[in-house]
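Residue numbers (this note's numbering), protein chains in the order written: chain X, 1 to 339; chain R, 340 to 709.
By construction, these hints were calculated from the structure, which means they are not laboratory data.
All residues carry an ideal CB built from backbone N, CA and C; glycine is no exception.
There may be inaccurate statements among the hints.
Said to hold, decoys possible - Restricting the straight-line Cα-Cα distance to at most 25 Å, the calculated cross-link-like pairs of lysine-lysine (PhoX-like) are:
hint, chain 1, residue 1, chain 2, residue 2
1, X, Lys23, X, Lys53
2, R, Lys514, X, Lys227
3, X, Lys23, R, Lys591
Said to hold, decoys possible - Computed far set for chain X versus chain R, every beta-carbon distance over 12 Å:
hint, residue
4, Thr170
5, Thr199
6, Gly334
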Amino acid sequence: MARTISYMQAINEAMAQEMERDKTVIVFGEDNIGGTGAPGEIDAWGGVLGVTKGLHGKFPDQIMDTPISESAFIGAAAGAACSGLRPVAELMFVDFMGVCFDQIFNQAAKFKYMFGGKAKTPMVIRTMYGAGIRAASQHSQSLYSIFTHIPGLKVVVPSNPYDAKGLMITSIRDDDPVIFLENKVQYAEEGEVPEESYTIPFGEAEIVREGDDVTIVAIGRMVNMAKQAAESLSSEGINCEIVDPRTLSPLDTDTIYESVENTGRLVVVDESNPRCSLASDIVALVSQNCFDSLEAAPQMVTAPHVPPPFSGVLEDLYVPDAERVAAAVKATTGTSAKA
Amino acid sequence: MSEIKKLGMPKWGLTMTEGTVVEWLVEEGTELSNGDQVVEVESEKINNAVESSASGVLRRRVANEGDVLPVGGLLGVIAAADVPDDEIDAFVKEFEENFVPEEEGESGPAPETVEVGGRQIQFLKLGDEGSTATPLVMIPGYGGDINIFVFNQETLAADRPVYAVDMPGHGGSTKEVGDGTIDFFVEVVDGFLASQGIEKAHFAGHSMGGAIASSYALAHPDKVASLILLASAGYGEEINSDYIEGFIGANKRRDMKSALQMLFADPDLVTRDLVNDILSYKRKDGVNESLRTVADSVFADGKQRVVDASELGVPVLAIWGSEDRIVPASHADNLPKDAKVERIEGKGHMVQMEAAGPTNRAIGEFLGGF
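Modelling step: build the complete structure from the supplied sequences, incorporating the hints.
As structure tokens, then:
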């Protein structure tokens with residue numbers, strides 16, 4: 001039965017249901033159980049923004065705190081996964097991932113390949129991405145393209161509470177390492193989510209809105225910007241089709257190509273920096289595979305090629321918004337100057 | 340003054356709040372009879388034709404093709420030919436000034452859940468609480484839920500209480516299906532009737548729901564007033580096993596769309612939202628296992644379990660689409676000789692959706708005889 005819960009609650013519920021179903025599912029990271037017994041705390045802090053709150057009370061044997069040593073506990077997750085457990089490691093901000101690149105890129109991602117398919121590494125790294133909460137440049141990047149570049153990793157970027165729950169359950173049950181990126185700005189966003197456990201397959205994009213003039217491929221939180229833009233453009237007679245890839249690796253290129261072949265125009269909205277990004281990758285793929293269908297040059301709407309600023313004024317300019325998406329759409333339809 | 344009738348945006352399903360005018364099917368000035376198809380409308384879930392609820396002339400097409408109207412909004416105006424134009428204008432003006440769309444959340448009756456034999460069973464009851472008319476119980480088919488009666492239940496509830504019930508393994512009911520046999524579902528139906536204090540009911544079953552209703556009538560003839568069989572299973576061995584296996588196997592949109600298109604004569608009726616709804620049901624834990632169990636019990640080896648039609652001792656109405664690709668329409672030949680059979684040309688397995696108006700009229704006339 002569906003009811004309305006938040007993006008954060010959906011992720012929490014997914015972990016709780018999987019920990020209940022499978023005792024080999026363990027959760028660890030910083031401050032998951034910290035704060036237990038502290039004044040005003042009935043359970044634990046539940047991580048830096050409280051996503052795991054309540055899990056310690058329900059599953060005390062399956063959740064633990066780690067020292068502030070990302071390289072150590074991500075390495076431990078890879079080892080635990082190879083040893084028969086299904087760890088979900090919370091690495092607060094994706095910006096901190098740099099210190100554990102070896103564990104992720106050089107170890108976990110390669111185990112299956114290097115051991116002839118005999119090794120399984122069923123681990124999930126949960127992490128937050130995105131600007132918008134005045135958390136400055138070391139807590140606000142959108143680094144999903146870095147993980148997408150690495151074969152052997154699966155990369156998940158849910159855009160709404162329903163997808164967040166279903167994709168998290170799929171991630172935990174998957175036998176490969178999964179990087180699960182949560183947009184911190186969306187944690188309070190609510191939507192209909194079934195109470196039952198359910199899975200959403202990797203590699204299937206969602207067509208959020210049907211249209212026949214322009215395809216907007218939007219990633220994570222940018223789906224909301226695309227929806228706002230499409231709504232305003234519809235009053236001008238421009239019908240946008242919005243494609244949410246949901247997983248960046250595997251990427252559902254079939255749905256993207258099919259949409260572009262129908263509309264003839266492409267705008268990619270990606271909160272990350274523009275160079276070597278998902279936006280540039282999707283534009284390249286479409287240009288290579290759908291060239292004959294294109295009626296205009298594909299457009300990218302991204303952050304500028306600078307670190308996320310701390311200044312609120314500048315941060316607001318940094319994150320792509322609906323107006324910029326609409327301008328890019330109009331650039332493809334020839335109804336205004338290039339965005 | 341002659342009566343002026345509103346042709347309004349219908350409400351197809353509990354979640355529908357607005358619809359888009361796709362195409363007018365008749366010109367202004369056309370003489371209409373009650374039940375004539377007037378305008379095609381698209382909701383989030385499905386396309387269908389809005390039928391005239393009155394006889395008269397279509398005097399005004401108020402909504403244009405492409406317009407999005409809230410439920411209850413004015414599509415057009417029907418009146419006698421001699422009603423002056425200024426009265427039509429005044430009617431439209433008054434409507435536009437006074438119409439208040441229902442607010443989000445004002446969705447009317449909601450599905451309920453009751454425990455039957457330790458399982459949670461979801462159902463939707465529509466109709467007058469105080470009615471003493473014999474109720475109608477509607478049972479969806481394999482893989483289907485109460486939403487398949489979205490075009491029927493409200494209309495039929497004008498005369499009697501109508502219950503649409505999700506069987507175990509389906510819709511919002513418990514996913515556990517025991518041995519998955521028709522006898523299992525018969526027990527659930529009996530428990531459901533007891534839970535609602537229903538001593539006797541008319542039954543309408545679609546596809547496998549027809550086989551369940553038929554078996555219930557054989558097991559409990561004293562509790563069945565009549566049987567309405569919609570593209571019913573159980574009256575011949577043939578069944579489209581490509582559909583059954585395709586439905587179980589489909590986990591992605593493309594595969595599910597292909598499977599669902601077998602259900603309709605017009606494949607364009609399978610919308611993106613319909614596919615998404617079915618996929619979100621299929622992706623819940625336990626659903627595929629339940630569907631497998633039921634298929635192996637009811638459609639083992641690609642053949643249906645056939646009910647003994649000769650033993651049915653209740654009035655029967657059967658409605659079949661001539662283009663049914665799941666259960667052949669020829670199975671109607673195996674019904675008892677006194678069964679009333681309606682074959683609707685050019686429609687498929689989901690005849691109650693593709694030909695909602697004729698289906699509702701046939702059922703209404705049939706039930707009116709009791």
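Enumerate the violated hints, using their earlier numbering and listing them in ascending order. 2, 3, 4, 5
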